[in-house]
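Novice: The chain contents come next:
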Amino acid sequence: MAKPDRGLVKRVVATFVNAEDVDYFFDNLTSPDWIEPLADENLFAAPPPPVQVDGGFQLPSWSAMRYLARMAAEDPKAVRKVLWVMPETDNTRVRYDYLDALLSMPPGMAAEFVPRLVGWLQGPFRILLPKRMAQLVGRLALAGFADQAIALATALFDVQVGAPDQTTTDEGETIDWPVEVHSLIDEYQYEQLLMEALPNFLDGTGLRGFGVLTDLLARAMTLEARNPPDDRCDYSFIWRPAIEPHSQNSIPSTRNAIVTAVRSAALQLVRADQVNLAAVVAKLEGYSWAVLRRIALDLIRVSAPNRSALATERLTAPDYMYDSDLHHEYWLLLHERFSSLTPEQQEIVLQAIKTGPPVYDDQDEPYQGDADIGRKAWQARTLAAISDHLPPSERAWYDQLVAENRLSDHPEFLSYMEGVFVGPTSPLNADQLAALSHEQLLEFLQNWDPEGGWNAPSAEGLGRMLESAVKADPERYAEIAPTLAQASPIYISSALQGFRNAAAEGRVFAWEPVIRLVRLTLNRSTTTGPISVETESDAHWSWARSAAAHLLDVGFNNGPAEIPFTFRDAAWSILRPLTDDADPTPESEVRFGGNNMDPSSLAINTVRGQAISSVVKYAVWVHRHLEVLGATPEAAGVDRMPEVRDVLDQHLDLRRDPSYAVHSLYGKWFPWLGLVDEPWAAQNVPNIFLPDEAHFLYWEAAWEAYISFSRPYDSTLQLLKDEYHRAIDRLAAQSPERQHPMLSWQNLASHLMVFYLRGRLTLDDELVQSFFQTGPANLRAVAVRILGRSFYTIKDREALPLDPPPAEESVDRAVVLWESRVAAAIAGEEAATYAPELVEFGWWFPSPAFNPEWALIEITKVLRLVHSVDAGHLVSHRLAALVSAYPQQTLEVLDLMMKGPNDDWLLLGEEDVSKILAAALSLPGEVREKALQITHGLGARGYRQFRSLLEVTSPNITPESNDSAGA
Amino acid sequence: MSTAPDPSSQPEAPDPLTALTARQRELVGILADKDEGLGQMLVGAIMARAATNNPDHLGQASHSLRELIEKLPPHFDAVLLPTDTQTNKVATLAVHWSRERRVKNKSDEALSTKFVQELHAFFQWRDDNLLTRRDAARRAISKFDPSGRSLPTPIEELHAQEWMKIRDFFVGSAHHHACTTAEFDTWYNAFENFMLNRLRPRTFENADKLDALIQEGES
Chain A
1 MAKPDRGLVK RVVATFVNAE DVDYFFDNLT SPDWIEPLAD ENLFAAPPPP VQVDGGFQLP
61 SWSAMRYLAR MAAEDPKAVR KVLWVMPETD NTRVRYDYLD ALLSMPPGMA AEFVPRLVGW
121 LQGPFRILLP KRMAQLVGRL ALAGFADQAI ALATALFDVQ VGAPDQTTTD EGETIDWPVE
181 VHSLIDEYQY EQLLMEALPN FLDGTGLRGF GVLTDLLARA MTLEARNPPD DRCDYSFIWR
241 PAIEPHSQNS IPSTRNAIVT AVRSAALQLV RADQVNLAAV VAKLEGYSWA VLRRIALDLI
301 RVSAPNRSAL ATERLTAPDY MYDSDLHHEY WLLLHERFSS LTPEQQEIVL QAIKTGPPVY
361 DDQDEPYQGD ADIGRKAWQA RTLAAISDHL PPSERAWYDQ LVAENRLSDH PEFLSYMEGV
421 FVGPTSPLNA DQLAALSHEQ LLEFLQNWDP EGGWNAPSAE GLGRMLESAV KADPERYAEI
481 APTLAQASPI YISSALQGFR NAAAEGRVFA WEPVIRLVRL TLNRSTTTGP ISVETESDAH
541 WSWARSAAAH LLDVGFNNGP AEIPFTFRDA AWSILRPLTD DADPTPESEV RFGGNNMDPS
601 SLAINTVRGQ AISSVVKYAV WVHRHLEVLG ATPEAAGVDR MPEVRDVLDQ HLDLRRDPSY
661 AVHSLYGKWF PWLGLVDEPW AAQNVPNIFL PDEAHFLYWE AAWEAYISFS RPYDSTLQLL
721 KDEYHRAIDR LAAQSPERQH PMLSWQNLAS HLMVFYLRGR LTLDDELVQS FFQTGPANLR
781 AVAVRILGRS FYTIKDREAL PLDPPPAEES VDRAVVLWES RVAAAIAGEE AATYAPELVE
841 FGWWFPSPAF NPEWALIEIT KVLRLVHSVD AGHLVSHRLA ALVSAYPQQT LEVLDLMMKG
901 PNDDWLLLGE EDVSKILAAA LSLPGEVREK ALQITHGLGA RGYRQFRSLL EVTSPNITPE
961 SNDSAGA
Chain B
1 MSTAPDPSSQ PEAPDPLTAL TARQRELVGI LADKDEGLGQ MLVGAIMARA ATNNPDHLGQ
61 ASHSLRELIE KLPPHFDAVL LPTDTQTNKV ATLAVHWSRE RRVKNKSDEA LSTKFVQELH
121 AFFQWRDDNL LTRRDAARRA ISKFDPSGRS LPTPIEELHA QEWMKIRDFF VGSAHHHACT
181 TAEFDTWYNA FENFMLNRLR PRTFENADKL DALIQEGES
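Just so you know, the protein sequences line up as chains A and B, in that order.
Reminder that position 164 of the first sequence reads as 164 in the working numbering, one-by-one numbering, no gaps.
Reminder that position 20 of the second sequence reads as 20 in the working numbering, one-by-one numbering, no gaps.
No lab work stands behind these hints: they were computed from the structure.
Remember, it's a predicted structure, so these values are computed and weren't measured experimentally.
For glycine and all other residues, C-beta sits at the position ideal for the given N, C-alpha and C.
Among the hints, erroneous ones may be present.
[Claimed, not checked] Here are the simulated DMTMM-like cross-link-like pairs (lysine to aspartate or glutamate), alpha carbons at most 25 angstroms apart as the crow flies:
# : chain 1 : residue 1 : chain 2 : residue 2
1 : B       : K34       : A       : D895
2 : A       : K10       : B       : D135
3 : A       : K81       : B       : E218
4 : B       : K143      : A       : D722
5 : A       : K899      : B       : E70
[Unchecked claim] Just so you have them, the derived chain A footprint on chain B, three or more residues with Cβ under 8 angstroms:
# : stretch
6 : 143-154
7 : 193-201
8 : 210-216
[As the list claims (entries may be wrong)] Residues from chain B shown here face chain A by an in silico Cβ test under 10 angstroms; the list is partial:
#  : residue
9  : E26
10 : D33
11 : H159
12 : F204
13 : S219
Chain A with its partners taken away, still in its complex shape (with noise of 0.2 angstroms):
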């Protein structure tokens, strides 16, 4: 059998000529005969670094490396030699794959390189390596590599502090917080790493092994106490209230995982029997610190047998019994091995609860005063342990001290945290609350009071079941809904947002009853303010309030829900005085609005905003009827609910109403109010987009709230073409920052662009004009986007035409719009600036609107000009759907897409790729050739699965000749 050399080695190298040659080499090889010949030659000298790229590093794979780790287990000796000769390298990727190695080694080969690895492990570059060291750990542990393996271990868990956290007080003195371990490594992996190689690691290192989990969990405690090494208290109880699994337990961190892995190594010790437990235990206590003890009192009450003078002996010393840190442990062992005291061991327990700790004794600590309270609840939760099992005379004490209240739910913790807080809770569930006549009902909510507690039942949790109960029935509570105005503010506001939901979909009930429910509820609800008011029934008042206004506003909705058009007096007239609430105040404005909510959003949390609102709805609603109704009044618009217009023109008044939120609501809903009346529309836009910059923030109110919510009509354009003037301008001058994330600026150029298709604006209009020289250059792309995406719809990646088809007209300004950026990117001096617009036809050239030929020669241009285009997943798949018609075009782009910046696309553009490749491959000349040089190009790029696209051959080329055809 042949064996490589060194001279074959130097063929194979001249063969070289991209490193995706000499990966394809390297990964190919299936024989470690290669090993000496290619080191002979320098091949495993030069490990790649890390590469500096913008915001971190680049971890080039290394194929060499890849290959001596696959070729370990076969000729390890080879290996070893070419390793340990290897430069260092701070590539973890390339650390990795060498761990890979060893881990296939025979242990005792792979243990000599322990120094080296825990040389990394102190090293800044970690990443990809705990997982492999920790399974070398076990290996070698189980190989009897103990010291290797114990000092890998070592490095590998090792942990430490950083410098603590200050805090300076007002009397300007610093504080610094407690510090916390963390581990060198990933915290995540931390505890799942410790458990995984711990069993191995027992079992080749004993005790000796235990140690090392041991001192690890001391130091810890080390680090972290605040005054070492007098101050021996560890916090335990607090951050590790179980120490054995517990969902008290609830934070992991480093700490936890030691003691978790502390006590597994134990337990595992114990019942393995390789260690007595005497020793373990010993261990455990030789250390001072309360949690390893905690973990020798769990580790006695889960392993020793019965009897067992190790429990007793603890049981029976007051030293365990009083020391609070130990408490949790000592309770449960107490619990569990009391009966199997004897009666004299359990007669010294019962007197040294009886005379309880000394600290409550000691006239300096903090229990002076309370002490007699401090020792009854110290006894009564240490006799809980041990209650089924007293005397009677015990008995009738610690029943006494149980009637004092002196026992705490959870007495085995010296504190515990209740579970989390779900939401307020009702008294009756959904079918109780159902089961209930109108009257009992009624009696329930004026009577029941809630007893107030963690947890119990509440007014708002009977509220939200009142809600839900409405919703699901309103018919049934329409027809008692006055006599719910009798009832707490909170229950009205919880069955008007019942009715309210009821509404919103469609359900039918009598609205005249609910109208005199609100009317009520107004005559009782005196104040009015907003809902931050500072007492409760205030509050809960003016939730009623804006509850009324929300149902009004889904009641004049269209719909089969609608309120009756003969309910419009009395419909008013509960609207109307919601118009004039306090709330929002100008200082609640400043509380909730700024940068929490923008004036549109703060509106409809507020009573007046909803109010005003819903005047809108109503001028609609009315409008809507009248029409209907084909009446022909003397007036018009707004005069003829001369009603609306009272408030309208009250609350633009800004000396009247200086809120931006009741603002806002005049640019959310211009379009509807042009609809009910466009002469006081028109009218009145200086007075809703206040020019000046005096009023820069009520014309940003009305204008954010306009373009963000109202959809581009044509006859509002007319209305507001000054207003997109400013707005563009107002961008221009915006900061960055600011321009981009605002879902109004989108809005903005999508505005712009659905004006634009419709014909409503030209290229020539200033409005267009001005947003595409001024405007930032994502917005412009967001635009140019926003005109591609209009010609179709994507299902499973395939661009769908519409249905019906774009007008012709719509599809020749988009053409002529998308030309001109090209020719304005191509004069203008730096294509970059407009490579974000550019980049956008990749949004384009899937739509099966545009003529194929044009959008191929577009997409060259952009390539050409920008090197890329977004979407290229939705460009390959055209792109085959075109190659048998336009397979030079069709190569044309894919090669200049292969040659852009990134490939992310091929992901998942790859079956297409294939495609458009196989196709052309299979053809003739100049058009194969190129497929050829596209394949090939693609394998440099480490895309080796179309290689057997190379395969394909096209009708003038035999089979013979293929090969050579590229030459």
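Following the hints, put chain B in place on chain A, whose structure we already have.
Specialist: For chain B alone, kept in the frame of chain A given last:
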């Protein structure tokens, strides 16, 4: 001599691009994609080489190729020019050195951490910017690889040597070191192959060759 071509006759001057071989056309195309000037330099070199009635045609062709080789790296994003001069950098260091306490006090005091960091930055700059010819060649040709990855250093070294030999030949020939047509053609072909192998790789053909070599070593 007529002042204008005879409209009845055929044009005689060949179109430069149609006179090129397929591989020359391909390389011109690749270079022109990067920058039109690069493609023109190559065409110029080839046309100069073909103008055998010019006694200095090989020198002029070599000059064009030397220019081309010098101008290639930036078009492949390979940065070879220093960001500053070493003289400037050393002058700045000297000023800061004079402010060090050990200099001012003529003592053995330790250098300040700031100055040590400055020294470190200086040497890093020097490594990054003052490239040896070989480093410059390595940096340039690593950018020719379509994968964006580098070859292992020993192989990159071999390729850099090859590149420098090609460059040195054209530098020498451009400076009127006599060369024969055969020598010129050999080195031109070496240049063309070097470029096309990297910029228009036949990766899977190379993979076939490597398969055969692996087979030879493992059969």
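Novice: Against this structure, judge whether each hint is valid.
Specialist: Right, here's what the structure says about each hint:
1. K34/B <-> D895/A: Given that 25 angstroms is the threshold and the Cα spacing comes to 14 angstroms, the pair holds.
2. K10/A <-> D135/B: holds, 23 angstroms
3. K81/A <-> E218/B: Given that 25 angstroms is the threshold and the Cα spacing comes to 21 angstroms, the pair holds.
4. K143/B <-> D722/A: Outside the cut-off at roughly 53 angstroms; violated.
5. K899/A <-> E70/B: holds, 23 angstroms
6. 143-154: With 9 residues closer than 8 angstroms to chain A, the stretch 143-154 of chain B meets the three-residue bar; holds.
7. 193-201: As far as the stretch 193-201 of chain B goes, the hint holds, because 4 residues have Cβ atoms under 8 angstroms from chain A.
8. 210-216: With 5 residues closer than 8 angstroms to chain A, the stretch 210-216 of chain B meets the three-residue bar; holds.
9. E26: Holds. Min distance 9 angstroms.
10. D33: holds, 8 angstroms
11. H159: holds, 8 angstroms
12. F204: This hint holds: F204/B lies near chain A, its Cβ roughly 5 angstroms from the closest one there, short of 10 angstroms.
13. S219: Holds: closest Cβ of chain A sits about 6 angstroms from S219/B, inside 10 angstroms.
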